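Trainee: Going down the list, the protein sequences come from chains A and B.
Numbering follows the numbering used here, in which position 181 of the first sequence is assigned residue number 181; successive positions increment by one, without gaps.
Numbering follows the numbering used here, in which position 287 of the second sequence is assigned residue number 596; successive positions increment by one, without gaps.
Calculated directly from the structure, the hints in this document are not laboratory data.
Where hints are given, some of them may not hold.
Unchecked claim - Restraint-style ranges between C-beta atoms, simulated for each label pair:
# : chain 1 : residue 1 : chain 2 : residue 2 : range
1 : A       : L87       : B       : A485      : 51 to 61 Å
2 : A       : A260      : B       : L431      : 47 to 57 Å
3 : B       : I565      : A       : L12       : 50 to 60 Å
4 : B       : A581      : A       : P145      : 27 to 37 Å
5 : B       : I382      : A       : M191      : 25 to 35 Å
Just so it is clear, the structure is predicted and the values come from calculations on it, not from any experiment.
Note that beta-carbon positions come from the ideal geometry of N, C-alpha and C, so glycine has one too.
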Amino acid sequence: MRRNFLILLIGLIVLAPVPFLTDTYVLRLGTTALMYVSLSLAWNMIGGFAGYPSFGMAAFFGLGAYASGILQVNGFAGPVGWIGAGLVGLAFALALGAVVLRLRGHAFAIATLVVAEVLKEITNAWNSLTGGGMGLNMPYQKMDPIAGARIYFYAMLACATISLAATILVAGSKLGFALRTIKQNEDAASMVGVNTTTAKVIAFALSGALGALVGGVYTSWINFIEPADVYDPLFSIKPIVMVLLGGSGTVFGPVLGAAAFLLLDEIVWRNFLETHTGILGLVIVLLILFLPKGLGSLSWPRLLQRSAR
Amino acid sequence: MIYLQYAANGIILGGLYACIAVGFSLTWGVLNIINILHGAFIVLGCYITYFAHQLFGIHPFVSLPLAGLMVGILGYATQAGIINRVVGQSVLVTLTLTFGLDLIFNNALILGFTANYRQVVLANPLGTVEVAGIFIPLDRALAMVLALLLTFGLYIVLQMSRLGRAIVAVRFDREAASLMGVNVMRTYAITFAIGAFMAGAAGSLLSVVFPIAPITGHLFLSKAFVICVLGGIGSVPGAAIGGIALGLLESFSASIVGPELALTVAFVVLIALLAVRPQGIMGREDMH
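Given only the sequences and the hints, what does the whole structure look like? Please build it.
Mentor: Below, the structure is given as structure tokens:
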């Protein structure tokens, strides 16, 4: 655990001066990357450690985005909105988890998948609070664009740091142990005295709170949110693919997976604008078929041997 | 009296929903795969019918077998070539794979047919009849009858034919079926093709009722989810009952709480049902 925190600290020292060394394009990329690193780590809590196939990250992300947006429109400062978003996400995940965590496998996957759709529809219909399909514009703030880009880079860096620190703590604690036993055999874990329900609910709540926090910061960063954007099912799928790419249930796998995926994504975006989603799909298919255990399962010596022959 | 009208609307809609869901349910029940592609298959069926009608003047109900067959062949190729490689793995892997495939299909549909909405406008619509104060649009009613006939046909095929028995056998016990000489992988591909056939055929019927764009696939998919879980996974009668239940639920909730919340009502019912009776109305506990 101490080694992991040391790595986190080194990472922070390396990333801290970045906003003052680069242009806004790189800053935007970096902020996006940190956002997905946070979301991947959040998903890893329930999907990676406990092995519960949650397809509900978009629900928490969107809920957090709207909680933060509504608070800011009503005159609260950005950071208040972010913390509010995290708390709303926490409360919602606790309530939802109490119901859906009784399901397993396909039923759990479907139940989490539909939550985002339901929230999207409610947000669309609740015009007076959310602005409905027209979306929500954040209050105008007089700020230098470069200063703004720097602030949101640091805000997302804080999200990623909190997520990674939470992951390190969970991985090294009794909770992490309980979650791993649930992944292997939940009935057996419960029989030998692991309180599986509590462990699952805590992991789900952490996952939801972190996802909502990131959504809250996203609102301030982008300045405008609409239901179709923040409840996009891709916010549920991308973190899963990133975690699978980097190594599920590990501490740094989600970080590496998110970085690798976004690098690929950026190259594809730039070069294939019209077929971007199709190529993204192709990458997902190839990854699932040929690299199901993530990049970490690649054996470099063997690859080199093969290419040498 | 107005409630009878809601009920009639709901049943007509529900018959079509049954046809949307039954292929999805079969794939889920037999292969244990949640096929996100199902929505794209339906939309593809719609487009085949639309262009057959637009270019050659073929009536949608006539081009239905063609649409079903073309989508079915595509389904066979997809399953035999790609999905069979991960069949039997965790839901995380299979669901993510079909999601990736769906992104590819959707992109192809948008490139091929643009994102505009289209709808078949029949040259000679059958009009509406009034029966005891209830208005029934005849084209829709005919589409519903065809949808239920197709669903019933699938039920008969599964019950009576050798192929159908093989599919049911693989569903119950893959290893035992394999020992009895059933080619499991081929059966999977055929099952998936049948699911795709039903999706394409459903698309033909829907093209008369709904405007179609690539994005509507996800709407149909979410309905298939709800019906499947309502009725019980892998059960053909369950899909029929779940479809009609959803049709009625939507029809009544649209008039009571407003159409914009119809899907939410359905999902809330779904989640409540999942918590109380995870195997669905017609499902059996031992199937999971």
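Trainee: Against each hint, give a clear statement of whether it holds in the structure.
Mentor: Okay, the hints, checked on the actual structure:
1. A:L87 to B:A485: 51 to 61 Å: 52 Å, holds
2. A:A260 to B:L431: 47 to 57 Å: 52 Å, holds
3. B:I565 to A:L12: 50 to 60 Å: 54 Å, holds
4. B:A581 to A:P145: 27 to 37 Å: Violated: the Cβ-Cβ distance is about 48 Å, outside 27 to 37 Å.
5. B:I382 to A:M191: 25 to 35 Å: This hint is violated: roughly 49 Å between Cβ atoms.
The structure shown violates the earlier hints numbered 4 and 5.
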